[in-house]
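S.K.: In the UniProt record's numbering, the protein residues as written are 1 to 177.
It is worth saying that the hints were derived from the structure and are not from the lab. Keep in mind that the hints are not guaranteed to be accurate.
[As the list claims (entries may be wrong)] Derived pair list, reagent style DMTMM-like, types lysine to aspartate or glutamate, alpha-carbon separation capped at 20 Å:
1) K146 <-> D136
2) K168 <-> D97
3) K168 <-> E67
4) K146 <-> D97
5) K146 <-> D98
6) K146 <-> D133
7) K104 <-> D136
8) K146 <-> E31
9) K104 <-> E67
10) K146 <-> E68
11) K168 <-> E68
12) K104 <-> D130
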Amino acid sequence: MIGKFLQNRSEQTVRFPAALFEIAKEDCGSESVEFALSFSLWIGAAFLIMYGSFALYAAHFVANAAEEACRYAMVRGSSWNGASCSANALDCTATSDDISSYVKSALPPGMSSANLSVSSSWPGTTASGDTCDTEDGVNSPNCIVKVTVTYQFTFPVPFFTQNTLPLKSTSIVTISQ
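Work the whole structure out from these sequences, hints included.
M.R.: Below you can see the structure in the form of structure tokens.
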């Protein structure tokens, strides 16, 4: 490049700053640089949209899982008489472990059960806050059950300062059986 510049000059002595200025004025290779920069931005935007959509997908699952787990516990209170009761059929009166197993069995592809936590509680109150009849236990009909589902969504992008997004949803319903 400098040799070409020297051939076009009438003087044989070239001052270094002037040579750099002349080289900078040429357009050789500018398309490659522009393409590399714009392609990097487009790929970054595509991955941002993709992982943002996946985070929304995970948030939707967490909200739906909390509601479904509450419905599962709502119909499996202390007065429920399931026809069969086995640990893997989830046909027993709902316990915290049963509810957690129920949610983990519905985990969609692409989400890790290691990042999922399910907690359930039976506070022994009605929906209005009064103490409910707990003669048969805190999971008696007309008592409430509270299920909280938490998922730690991780962004696989190295330059985010916080690459874990905690997603959490809580659902409370009145036990019917």
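S.K.: Decide, hint by hint, whether the structure agrees.
M.R.: Now for the hints, and whether the structure bears them out:
| no. | hint | result |
| --- | --- | --- |
| 1 | K146 <-> D136 | holds (18 Å) |
| 2 | K168 <-> D97 | holds (19 Å) |
| 3 | K168 <-> E67 | holds (12 Å) |
| 4 | K146 <-> D97 | holds (14 Å) |
| 5 | K146 <-> D98 | holds (14 Å) |
| 6 | K146 <-> D133 | holds (17 Å) |
| 7 | K104 <-> D136 | violated (28 Å) |
| 8 | K146 <-> E31 | violated (60 Å) |
| 9 | K104 <-> E67 | holds (14 Å) |
| 10 | K146 <-> E68 | holds (12 Å) |
| 11 | K168 <-> E68 | holds (14 Å) |
| 12 | K104 <-> D130 | violated (32 Å) |
When held up to the earlier numbered hints, the structure conflicts with 7, 8, 12 and fits the remainder.
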